[in-house]
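Chemist: Chain by chain, the residues run as shown.
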Amino acid sequence: MSSANGNGAPPVSLTIDGRKVSVPAGTTIYDAATRAFVKQAGDRNPIPILCHREHMTPVAVCRVCTVDVSVNGRQEFRLAPACQREVAEGMEVRTHETSDRVRNAVSMLTELLLADYPDPEAARAARLTKQGQSRGEGNDELIELAERLGVENPRFSRSRREKPIDESSMVIAVDHNACILCDRCIRACNDIRNNHVIGRTGKGYKTRIAFDLDDPMGDSSCVACGECMISCPTGALLSKHHVLSRPPAGTVPAEELAAHPLFTGVSKAFLDFNEGAVVRKHFRKGDVICREGDYDATAYYIEDGEVEIFISSPFKHVKNHRGAGSWNPFALVRNSLLAGRGEDRRDEEMDTEFISIDAPVVLRYDKPVATMGPGAIFGEMACMSSYPRSATVVAQTDCTLLEVGRNVLYILQRGKFSKAQLDERYRQNALDNHLRGATVFARMVKNEDEFKKLVEFLRPRVDLVRVNNGEVIFRQGDPADAYYLIRIGFVKVSQERPGGEFVLTYFGPGKSFGEIGLMGHIPEIRDLAPPGIRTATCTALDHVDLVKIKGEDFRLLLEQFPSVQKSFIDYAITILKQNERMLRQVNEDSLGDFLQQGLMNAQSVLVLDLEKCTRCDECTKACADSHGGVTRLIREGLRFDRFLVASSCRSCLDPYCMVGCPVNSIRRRGSLEIIIEDWCIGCGKCAENCPYGNINMHPFPTGQNVFDEELRRKVPVLQQKATTCDLCRELDGQPSCVYACPHDAAHRMKGSDLAREIGIVATPPPVR
Amino acid sequence: MLLNREFRAQHLPWVVLALAILAGLGAWFVVERFRLGEWPGGSTAVGLTLGVVGGVLILFEFLLWPRKKKRAWRIGRVRIWLAGHIWLGLITLPLLIFHSGFHLGGSLSTVLTVLLVAVVLSGAWGLVLQQLLPRRMLEEVPAETIYSQIGRIGRLTRIEARRLVEATCGPTEDERDRFSPDGEEGIDSDEEEEQTANPSYVVVGALRTAGRVQGTVLQTSVPSAPVPGSEPLRVFFYDEVLPYLKSGGSSRSPLAQRHRAEAIFRDLKTQLDPKAHPTVDALAAACDQRRQHDHQARLHGWLHGWLLVHLPMSIALVALMIIHIYVAIKYW
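So the sequence lines, in the order shown, correspond to chains R and V. With full-length UniProt numbering, letter number 91 in the first sequence gets 91, and the count goes up by one each step, no holes. With full-length UniProt numbering, letter number 219 in the second sequence gets 219, and the count goes up by one each step, no holes.
Heads up, a few of these hints could be off.
One-sided excerpt, in silico: chain V residues whose CB lies under 7 Å from chain R [said to hold, decoys possible]: (1) Leu138; (2) Ile146; (3) Ile159; (4) Ala225; (5) Val227; (6) Leu303.
Honestly, the hints are just simulated from the structure, not real lab data. Virtual Cβ for every residue (Gly too), placed ideally from N, Cα, C.
Go ahead and model the full structure; you've got the sequences and the hints to work with.
Modeler: Right, here's the structure in full:
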């Protein structure tokens, strides 16, 4: 599995079967052999594996990958499992192809495994006739290994204990007799897919895999993703082919897909199992392929023709203003309307020129339309992480697209050869667009020649790495070794504080991180942050694709492009100062129960003292009056003692609402309140994400009209925009709800202050 | 507004100001009494001053009303205005009584005096209620909701309760007819549909427009199949529970009294299979919620009802005061 976190140590040189190879420290012997021997599809690693796969954590239970190891000329007494043993400088490795000792050991292991296996010939014949699928045609890795090693019928007698066959599932049959307990299905289910359905049960000879609490597979919580089936090396888990109903129209047959260049290296058994997951669709010029805000878990690959991608929602934010003809100096608000950057420029507004979307192109703020041609893949984030579509795609010419389901895209991104192909496409076609969308490169974009030089400089120097949900990319205090740009997914940036974790921000596609630790040699940065050390922990929140630039390349970049260096220095100083300001505001207390309600997380919670409150609703009315008749608070919510925590934005320390915005249009200001940017497409993802229901979607007139067929007249178009409490910052910074309360019952306070009010924590003694 | 130990910061300046005005003008009034040998009337210097100050204070008091209506105006926090309203309002009565020289005078001034007393007393009554009722509501109505939403929540509860009973007892042929005569469900669904059918606009984007309020969620286990012998539950629901949930205390249902309701639900359980008991508990909870909402409505009525006296009489007072000023100046 590719790791986002390199350690920056010098590479290690070793010899495998006489072939020299140099790999990063920490690489396993098996991975080193892959690097040395597998250059293209069809190449074979000399080290066999059964219980291991490249994307899995090695457990070394089958030991067929054992190799003979000598370090600095001294042969080790024991054979080493190549899947787990890390390389060392000067190491010499001999596989079963060059060492009789290893060959004997591996052959013996294979023979022993075969002894417990059903009659190989009969099993293969049975599977071929019963299932009629390609699994038995050479994909049975144990049989294949036996053939490779020349192991024929085992000399040992087979156990007479017949194990059950579980056919309860509609899509997968489980033959426990064929299971060699390699645990690949268990790790596939638990580690790869996080489904946690498969485990082991029983002891000794009775040991077998089990589903949930030893339920039949069909009765268990199995979601039939097929990951266990494609992971099984022996065919103990088999697809029950053609059980499912007819595949959808346009389904591309597995045979055709296997020959398709995009699917190079993808197992045919997997493509068979996922029949219907890749559909070829033809669109005529002008047809809508997908719309912004829609939820469909598929990605598109353009085979032929061109498509146009754009955001149709107006690039405007909700503006509260006095309205035309207002005479009253005290009346701060008359109505709420949509206003663009030209009409209303807000403080701390970003100077974004390009909007990153879920496609290999970016959209200009002033002209949000782009074109994509053959070979482009779009909608990966919507497919992998169930985010709404970030833009609308319309066929510009007659075109043909492959609509790819999540399972297949996942395998494409994981497979060695398909991934390499996707990565190369990204380097050649999408890197420049991605850099244009990154805030720190905004200055460069204005000088096209210099920008081209920058892209050419970076093209051979970027690595694409994939990080799984929950995986830590780097930790606060780690040595800084690389800079990252986010291509797909969301990353949480947090710091460990005495009171617990403080989330500094969430980054989405087009954002970058990791530069501060690499800029310690620059005096302005050295004054604000420790050099060479990570100042925060970055964690993947979903499937995240990162573009990694190594530390030395990053420093070279700064050296060769002074304008980029200036841009990075400005950006880093802004970030560091903003973080410092936010941290100063944070109360460093923490409490379990209160945290559970998300209240310790709150920076500005609206609290009503119910002993004082006469339920006159003046707070709600004031909020509505201050925001064009649309209230952003509801006088209802959780109660603690005599306090009611009203439903209104709390400016959380951990702003979950920022995760998943398909166009990155929600962010937090330095003063902690949430701001919705102009390019909000009104998909409602932030409103859905807010655990406290404090972001609402409201329609605003766009000034456009469309003809309604049913009503036979033109009707106005209303654009949904997300609205949330802005603490009345656009007015005068005094929340109207508190200002208008006649009974002194409404207060804005931190969650920790509320905890003190209700006596959950003791009030600290006054400082003398 | 709750007057407790915390009130010092925002009330004390107003208390001091009110007492200073009262003490200063009162002392002058007493001195004049001894100088003139009788209580000074409204046309004396001290009487006129008292009248002017009292009139200005009444106008200031009256301005709280438009102040509260203009919530987005930044002309001082409303709570500061209210504190001034309370303490300055209290001294208008003695000031204007001094102004009258302890005489009722003609019919206009008599009416004015009566109105002033009524306004001050109704305001004081409101203040007393504000000291007591919010706390009572907090203690006695744990199921409190937004007052204007009580009807809607009641409708949703009735629909949920009916579904629960249907799931427990199984549907009957005439059930729809029994439920529909009052048009209840029809009204609920029609209201929703009316709002969404044929809109005169096109909305682009996600259509969730209301906030999600998170809190304790009532979870009732619904039987997966009808419970045999649960017909008494259906009869009880349509005869007793539904009318009560719809009309509350005005239905004169025994369910309006907590103790009687508990006894009734206990008896009902004895007639039913234990599998139907969660449904009975849920109905009891729905009735309890209705009782609490009725109680909340009553307390809410008391908490805000006094304004129906205070506000119209204040308007009348200001109007008559202007006439009084005009008449006094004209015939001086």
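Chemist: Checking hints one by one. Is Ile159(V) an interface residue toward chain R, by the C-beta closer than 7 Å rule?
Modeler: violated (20 Å)
Chemist: So, Leu303(V) near chain R? Judge it on the closest CB pair being under 7 Å.
Modeler: holds (6 Å)
Chemist: At a threshold of 7 Å, is the proposed contact between Leu138(V) and chain R supported by beta-carbon distances?
Modeler: holds (5 Å)
Chemist: Was the hint right that Ala225(V) lines chain R, CB cutoff 7 Å?
Modeler: violated (20 Å)
Chemist: When the nearest CB of chain R is found for Ile146(V), is that gap smaller than 7 Å?
Modeler: holds (6 Å)
Chemist: Please verify that hint: Val227(V), Cβ, nearest Cβ of chain R, below 7 Å or not.
Modeler: Constraint on Val227(V) not satisfied, violated at 26 Å.
The earlier numbered hints that this structure contradicts are 3, 4 and 5.
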